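These protein sequences, in sequence, are chains P and Z. For what it's worth, our numbering labels the leading residue of the first sequence as 22, then goes sequentially. For what it's worth, our numbering labels the leading residue of the second sequence as 3, then goes sequentially.
Hints are computed from structural coordinates only; laboratory data are not their basis. Just so it is clear, the structure is predicted and the values come from calculations on it, not from any experiment. Note that the Cβ used here is the ideal one computed from N, Cα and C, for glycine as well. Treat the hints with caution; some may be incorrect.
Claimed, not checked - Restraint ranges, calculated between C-beta atoms of paired labels, are given here: (1) K194(P) / P40(Z): 26 to 36 Å; (2) H47(Z) / E207(P): 34 to 44 Å; (3) P319(P) / H50(Z): 30 to 40 Å; (4) R180(P) / I33(Z): 57 to 67 Å; (5) P276(P) / H50(Z): 35 to 45 Å; (6) H178(P) / K9(Z): 45 to 55 Å; (7) Q223(P) / T30(Z): 34 to 44 Å.
Claimed, not checked - Quick list of in silico lysine-lysine cross-link-like pairs, DSS-like style, CA-CA up to 27 Å: (8) K263(P) / K274(P); (9) K161(P) / K194(P); (10) K115(Z) / K326(P); (11) K275(P) / K143(P); (12) K208(P) / K258(P); (13) K115(Z) / K322(P).
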Amino acid sequence: MCVPEHFRKNAWLALGLASAVFVLPVAAASPVGAALQAATSSDKATEPANITDWLMRMHEASRKRSYVGTFVVSSAGVMSSARIWHVCQGDQQVERVEALTGPQRSVYRHNNQVHTFMPDSKVMLSERRESLGMFPDFLKSTVSGIAGFYTAKVVGHERVAGIQTDVVELRPKDNLRFAYRIWAEEKSGLVLKLQTLDAEGQVLEQAAFSELQLDVPLKMDKLLQMMRKTEGYRVEKLTLFKTTADAEGWLLKKPVPGFNSVSCYRRPSIRRVVEGRIEPMQWTFSDGLASVSLFLEPYDKQLHKQESSLSIGATQSITRRLDAYWVTVLGEVPLATLQLFVSGLERKQ
Amino acid sequence: MKTTLSKAVVSDSVSALADGELHGEEVTKAIAACARDPVLLASWHNYHLIGDVLRSPDLLATRSGSPFLTRLQSRLAQEAMQPVAQSDDFLSTPTRLPAVKQMAANDSIFRWKMVAGMASMAAVAVMVWLVALPRASTGPQLALSPASTDSVLVGSPQGVIVRDARLDDMLAAHKQVGGNSALQMPSGFLRNATFESSSNVRP
Chain P
22 MCVPEHFRKN
32 AWLALGLASA
42 VFVLPVAAAS
52 PVGAALQAAT
62 SSDKATEPAN
72 ITDWLMRMHE
82 ASRKRSYVGT
92 FVVSSAGVMS
102 SARIWHVCQG
112 DQQVERVEAL
122 TGPQRSVYRH
132 NNQVHTFMPD
142 SKVMLSERRE
152 SLGMFPDFLK
162 STVSGIAGFY
172 TAKVVGHERV
182 AGIQTDVVEL
192 RPKDNLRFAY
202 RIWAEEKSGL
212 VLKLQTLDAE
222 GQVLEQAAFS
232 ELQLDVPLKM
242 DKLLQMMRKT
252 EGYRVEKLTL
262 FKTTADAEGW
272 LLKKPVPGFN
282 SVSCYRRPSI
292 RRVVEGRIEP
302 MQWTFSDGLA
312 SVSLFLEPYD
322 KQLHKQESSL
332 SIGATQSITR
342 RLDAYWVTVL
352 GEVPLATLQL
362 FVSGLERKQ
Chain Z
3 MKTTLSKAVV
13 SDSVSALADG
23 ELHGEEVTKA
33 IAACARDPVL
43 LASWHNYHLI
53 GDVLRSPDLL
63 ATRSGSPFLT
73 RLQSRLAQEA
83 MQPVAQSDDF
93 LSTPTRLPAV
103 KQMAANDSIF
113 RWKMVAGMAS
123 MAAVAVMVWL
133 VALPRASTGP
143 QLALSPASTD
153 SVLVGSPQGV
163 IVRDARLDDM
173 LAAHKQVGGN
183 SALQMPSGFL
193 RNATFESSSN
203 VRP
C-alpha cells in the first residue's frame, strides 16, 4: 500500500472534492450537439418555407423587438457574457452591450455607428461599421445568394431563456463552409441562440441568451444620451481607407465558390507599436453567412517568422509567405476553404 | 477469518485497490467489502474522481487554493521548460520566457490552437508549459512592450496553443469589418461585442 498516494487522496477528499464534483457535470455536459440532434422535428404550417424567408424573418425580428437580456458566448474554451439592451423605434435601433467578463467595456450601437467605451484606459473608440447598415433591400440581394449554398430545415422545438423556439439548421451544400443551428423565437423569429458546427456536427462555437425579457419599455433617448456622454474619455476615431484589390495590385485568380468580395480597406494602424510600418490591406469576402478576411502586407523578416495554420473556436487562420508578401487569411470557414483563397491569390505583374 | 477487520484497514484496502496494488484474493475481498458497505463504495468512486481530475487538470476549472494542487502546478511548470520555434532568436532571449501561469479553463485571452499540417512541430512542442504575459490593455503600455508582437507557443492538454498579438488584432479587424453576414444583425454583432470583451482591448 503506497502511503503517500493514500494521503494524497485523502487530502483531495478534504480539500478538492467539493470543487471537483461541482465541475465535472459541466465537463460531462459538453457534447451538447449529440443531444440536440435527437430533437424531434415537426411541421407547422406557419414556418417559413425556405432559407431566404427564414433569414429575412430573423432580421425583421431584430428590427422590431425591444429587449433586455444576458448574452453568453462560448468559444475556444472561453466563456464571455454581456448584458444587452436593445431598443427599436421606427427604422432606428440602439443597442447597449455591457461586458460582464474580461476588462470593463461598454459598446453602444446606433444603427451602424458604434461607440466602445474602455473605462480602464479612458478611451472611447468611435467607428462606423458599414456592414451593420444592411438595409432590407441589400439584405434581400445577399440572402438570395445564400440559398445556392445552404439549405434550411427545422429540426426541433426547444425552450431557450424560457422562450419557445424553432430550431433551424442551416446546412451547407458543399464542404467549403460550416453549418449553423439557430434557435429562433416561434412567435417572431428573433434569434435567441446560435451554434456554428463543423462537418462532423461538432459545436465549434455557441452564443445564446441565458435570460431575456422581451418587449421591455426602454427609452431610446436615454441610451443615446449615455452613448454620447464622452466626458473624461479620449475619443479615437477609427477611420478606414477604402481601396480596391485591383488598385493594390492583387487578384483572386481562382474565385472560391459562393464567396464574393465585399470590401477592401487599408487601416491607419492595426498595431501602433511598430512605427512607420505599412499596415496590411484587408480584403474581405462573404458567402452571405460566413466571411473571410485576407490580410496582405510586404514580407518582413523581423516580423514574419512562422507560417502557421491555427484555429480558435469557429475561426481558422492560415499564414503563408507568398514571394515578397506575407498573407494571413482568417475566417469562420474550414481550413481547406482558406487554403483555396491562398492558392487562388495572385500578385499582378 | 471473520470479516471484522477494522474500518481503517478495509478503507486502506479500497485505496490500494484503486491504485491497482492488490492481487489475487485481496482483490476479491476488497470488492466484496465495497459491495457490502455504501460508504466504501462512495470512497471507491471518489478515488476514481480524484484520479480523473489529477490526470486532466482542465476538469478542475477553478483556481483552487489547495496546497497540494498549487505544488503540483508549480512542479508541472518547472518540468521541461523548453520553448519550441524554428527561429533562433526567438529561443535565445530569456525575457521572452514569461512567468509560468496556470491555464485556467476560462482564461480570458485568445488562444489559437495549432491545427493539422503542423503536426511535426506540435510533436516537438508537447511539453512546453508557457503562457504569454497578459497583454497590456492600454496604448502606452503596449508601446513599451515590443515583445507583444511575437507569438508564443504553449503546450496544453488540448494541443499546442499559440498566442499571437498580431493575429489577435487581425481577428478583431476581421470581426469589425468582416461581419458581412445575414446573421450579423440578429446576433453577430452581439456575439462579437460580447466575445471581444474577453480579449484584450484595443487600441
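Evaluated hints:
no.	hint	verdict
1	K194(P) / P40(Z): 26 to 36 Å	56 Å, violated
2	H47(Z) / E207(P): 34 to 44 Å	42 Å, holds
3	P319(P) / H50(Z): 30 to 40 Å	57 Å, violated
4	R180(P) / I33(Z): 57 to 67 Å	44 Å, violated
5	P276(P) / H50(Z): 35 to 45 Å	55 Å, violated
6	H178(P) / K9(Z): 45 to 55 Å	54 Å, holds
7	Q223(P) / T30(Z): 34 to 44 Å	43 Å, holds
8	K263(P) / K274(P)	21 Å, holds
9	K161(P) / K194(P)	20 Å, holds
10	K115(Z) / K326(P)	17 Å, holds
11	K275(P) / K143(P)	46 Å, violated
12	K208(P) / K258(P)	40 Å, violated
13	K115(Z) / K322(P)	24 Å, holds
Of the numbered hints listed earlier, those contradicted by the structure are 1, 3, 4, 5, 11 and 12.
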